[in-house]
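K.L.:
Chains as they are written, first to last, in this note's numbering: chain S, 1 to 163; chain B, 1001 to 1163; chain V, 2001 to 2163; chain L, 3001 to 3163.
Accuracy of the hints is not assured; some may be wrong.
Restricting the straight-line Cα-Cα distance to at most 25 Å, the calculated cross-link-like pairs of lysine to any residue (SDA-like) are [unchecked claim]:
| hint | chain 1 | residue 1 | chain 2 | residue 2 |
| --- | --- | --- | --- | --- |
| 1 | B | Lys1122 | V | Ala2072 |
| 2 | B | Lys1122 | B | Thr1070 |
| 3 | S | Lys122 | B | Asp1130 |
| 4 | B | Lys1122 | S | Gly132 |
| 5 | S | Lys122 | S | Tyr25 |
| 6 | L | Lys3122 | V | Gly2132 |
| 7 | S | Lys122 | S | Ala163 |
Hints listed in this document are in silico derivations from the structure and should not be mistaken for laboratory results.
There are 4 protein chains.
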Amino acid sequence: MAGRFIVGVMGGGEGASAEDCQAAYRLGALIAREGWVLLGGGRPWGVMEASARGAREQGGLTVGILPGRTRADACDCIDIPIVTNMGDGRNYINVLSSDVVVALPGQAGTISEIALAIKNGKMVILLNFDVGSVFDLYRRQGLLTSADTPEDVVALIRTWQEA
Amino acid sequence: MAGRFIVGVMGGGEGASAEDCQAAYRLGALIAREGWVLLGGGRPWGVMEASARGAREQGGLTVGILPGRTRADACDCIDIPIVTNMGDGRNYINVLSSDVVVALPGQAGTISEIALAIKNGKMVILLNFDVGSVFDLYRRQGLLTSADTPEDVVALIRTWQEA
Amino acid sequence: MAGRFIVGVMGGGEGASAEDCQAAYRLGALIAREGWVLLGGGRPWGVMEASARGAREQGGLTVGILPGRTRADACDCIDIPIVTNMGDGRNYINVLSSDVVVALPGQAGTISEIALAIKNGKMVILLNFDVGSVFDLYRRQGLLTSADTPEDVVALIRTWQEA
Amino acid sequence: MAGRFIVGVMGGGEGASAEDCQAAYRLGALIAREGWVLLGGGRPWGVMEASARGAREQGGLTVGILPGRTRADACDCIDIPIVTNMGDGRNYINVLSSDVVVALPGQAGTISEIALAIKNGKMVILLNFDVGSVFDLYRRQGLLTSADTPEDVVALIRTWQEA
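Can you build the whole structure from these sequences, using the hints too?
P.N.:
Dropping the structure here:
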């Protein structure tokens, strides 16, 4: 299959906690060290910003799928801004373009990404994110998994790649 | 504001239960009797088909936002097929085009619609659909409500229109 | 095939000439009298507004595919506002949802619609619109035709429907 | 402004001439040597394939905005496949994501990209592509320019960057 391995990292925006941003930053760094591409929503806040910054500082490549009409909206840690002007419609492109999706705690936007990822057969890893029972069917099918640390996320992806 | 009042009805596709399809059919009929437009995913199965058929048989107007490239995919109860060729990306258009969204039991696709609706400030009514705790924040904010019958859904929408 | 027959009318926005708006108004009225649905960009100016007003005043049904995030952007002659929040990306939905596309004089936006319509096998009728030689191949293939009056447009569509 | 400089290269698909593919290949190589990112439609034929291959062989980074639902559709010269499942709707994303658009000879799809680029204020360079008079207004405004060789295209972009 053509192209580099892409990990999508989703999660809260302006309201993200310091702890979640720290985990996102570490996860971005680990993704870069693996040689994987980091993909996210590209905006300059919360999990999007922290994960991209983490990847960037390790020399990783970062892709941001932007909701607006210009790359001026992008976080300055983004190497490749993809400009959609589709608002939240771009969430669908986020997940289709990711080989695996990692979701940190977030609100309705993040939940829409988990749902669209699962609907399209993508493996989703929840990092410290309790989504209740709504996706239990998919958890049983093995499409949805939980992890406690960024290190666990990377280990899960590696296992899955080797499978 | 221009245009007719539009109620979006979302829910399960091929796997929808007979009971849910019956509720969808009744809801469609009630929406038509109120003079509201019914909007849905437009495909010929499950909640999409049943709600459109219910509305159609009462002389209501039905709009289907289609995922594929041609109107040949539409349920024959659809008056106005909107052809997007966006796959599940059209879920975003479904909710943005609805004045209120009603969700019957469904899987990941339906959950993505609930999430996108809430994210964009739309009132969502769950009809016999248990989504666990994932949207509790929005329930407390009054964006998300539950109803037991199609009649209750219509009463809720009326109250909301008069507010 | 499900659904009503839909004629897409495209053309200039704020800069449209009085003459073109008059032709658009007349075309909208004729479309309504045929019992066809009028579909357009839905905004309150130029060819979009004039064609929708013409159809509306004859009791026709009007659909507007809106580029923005809310139906508040719609011309008040639109019955069914479809809200995409996709900007000019909605031009693709305009043409896919039309059974036939009529283009009055316009700028780059209108030309993108002609090109996308042709690319997707839709018959396009140019009403008093000189596009130079760029689409000559498609004119020879019969996908692109020219007309001088709204009456001619309707006659062409009727012939095509009967074929 | 965040991110690397991105040059979009558009043009014919399966029917592209050997001469145009050769020019696309050379253009891709020159873009890579400048350190710019090459962006295109990502499919394995015509101008899309040739330009990506040219860039790839010089160690450049290539982005493909794919119309389908999976990266399996991508040309194997693409580093970063962006999966939209939007069909030709992705043409809008192609041009919004490009800092400048170069169009080689193509059919309706390429013309839609030129039109959408111009509509959104992007500078467009036609490489040996005669589009007739349809975009003359934009040529006078300086948004549309013509070039005879890939070298001329690169010189034009450099001049424009320094302005």
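K.L.:
Are there hints from earlier that the structure breaks, and if so, what are their numbers?
P.N.:
Number 2 only.
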